[in-house]
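Sequence order for the protein chains is A and B.
Residues in the first sequence are numbered consecutively from 8, following this note's numbering.
Residues in the second sequence are numbered consecutively from 3, following this note's numbering.
Hints are all accurate, no fakes.
Simulated crosslink set (DSS-like; lysine-lysine; CA at most 27 Å straight-line):
1. Lys137/A - Lys73/A
2. Lys96/A - Lys46/B
3. Lys170/A - Lys84/A
4. Lys170/A - Lys79/A
5. Lys73/A - Lys138/A
6. Lys160/A - Lys46/B
Keep in mind that the hints were calculated from the coordinates and are not lab data.
Just so we're clear, the structure is a prediction, and the values are computed from it rather than from any experiment.
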Amino acid sequence: MTESTIPSTRRGVPLWAQIIVWAFLVGLLALVAMGLSRRQQGTVQPGHVIDNFTLPLYSGYEWNGKSEVQFKDLRGKVVVINFWASWCKPCEEEAAALQQAWEEYAPSGQVIFLGVDYVDTEPEARVYLKKFGITYPNGPDLRTRISQYFRTKGVPETYFVDKEGVLRYVQVGPFTSIQQIRDQIDPLLGE
Amino acid sequence: MLKNFLRLTPYAIITALLATLLYTTFTFAQEPTPSDDEVNKIAKQLYCPVCESTPLDACPTEACRQWRELIRTMLAEGKSEEEIIQYFVDTYGARASAEPPNRLAAYLIPTVAILLGVLLLVRGFQMWLKPPITKVAAGEREAKPTPEDPYIARLEEELQKRK
Chain A
8 MTESTIPSTR RGVPLWAQII VWAFLVGLLA LVAMGLSRRQ QGTVQPGHVI
58 DNFTLPLYSG YEWNGKSEVQ FKDLRGKVVV INFWASWCKP CEEEAAALQQ
108 AWEEYAPSGQ VIFLGVDYVD TEPEARVYLK KFGITYPNGP DLRTRISQYF
158 RTKGVPETYF VDKEGVLRYV QVGPFTSIQQ IRDQIDPLLG E
Chain B
3 MLKNFLRLTP YAIITALLAT LLYTTFTFAQ EPTPSDDEVN KIAKQLYCPV
53 CESTPLDACP TEACRQWREL IRTMLAEGKS EEEIIQYFVD TYGARASAEP
103 PNRLAAYLIP TVAILLGVLL LVRGFQMWLK PPITKVAAGE REAKPTPEDP
153 YIARLEEELQ KRK
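The task is simple: from the sequences and hints, build the whole structure.
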């Protein structure tokens, strides 16, 4: 058999390199897709069982003498979680209604309100709380862990969780009346 | 008596003007302590909590104004730059800082990716410029070119004779 050599007509990147390039591209696309999907997901939806989280509380706004509240300790109560900030003007529109609702439901011991202060500074937060006479437990959303869990899109946002820890309603934007708050709490109390 | 007093009037006016000038000079020269420059030096290293990709020193929102005031307060309390930035990271999360949280991974991964890309490009260009020699009908012996040019054939013949 004769031997001969000819220049190869195949030109290109070796297979191992092609695999790396494609793997990198697929990984990158997956990452972008995950990011986009997370953005379009919106807030946590009703029906979702809320996992435990810890909210440190501002001094003067403790709950049962504790400086932090564990969500799991609230099982058996209707929980109203309100995300707010002192720099948020729409939050001011609902602040009085929320406090009024808290004063209505607090004596029963079946409802608890939690104010989650989103990316705020404590001095301004305290001024805000004092200005609207807010007395229910309030604390900062440290490292934005709670808002990230709820996938909040802004402030104000309010989440109503039933006695079993299941999210039942999400209010995006401010409440315009106390009746709107009652409309969400009363059916949950009757269950 | 009155005449002597009136003679002093221009001096009194000049003294009053000078005093006013000195007062206003001091008023305008005063800056809040610490100064905006000192606050912004730290604010540059932080990002707005509300708007995306906006450095704190350039952000006009109320939230950013509050953050800058907090920096000023902390500076006045004697906190260092590192302590202030760490406070913001601890309170608001790593996204508040301009520095990535995992520096090694943040700098190493892009560097490795770029080097790998350059390597692939160089390899690709090399292959385009010098196509590899592929053996066809390979036998046991080493392949030899078959001279087709009569001049090369004769040259080969002459070389064989000289051996």
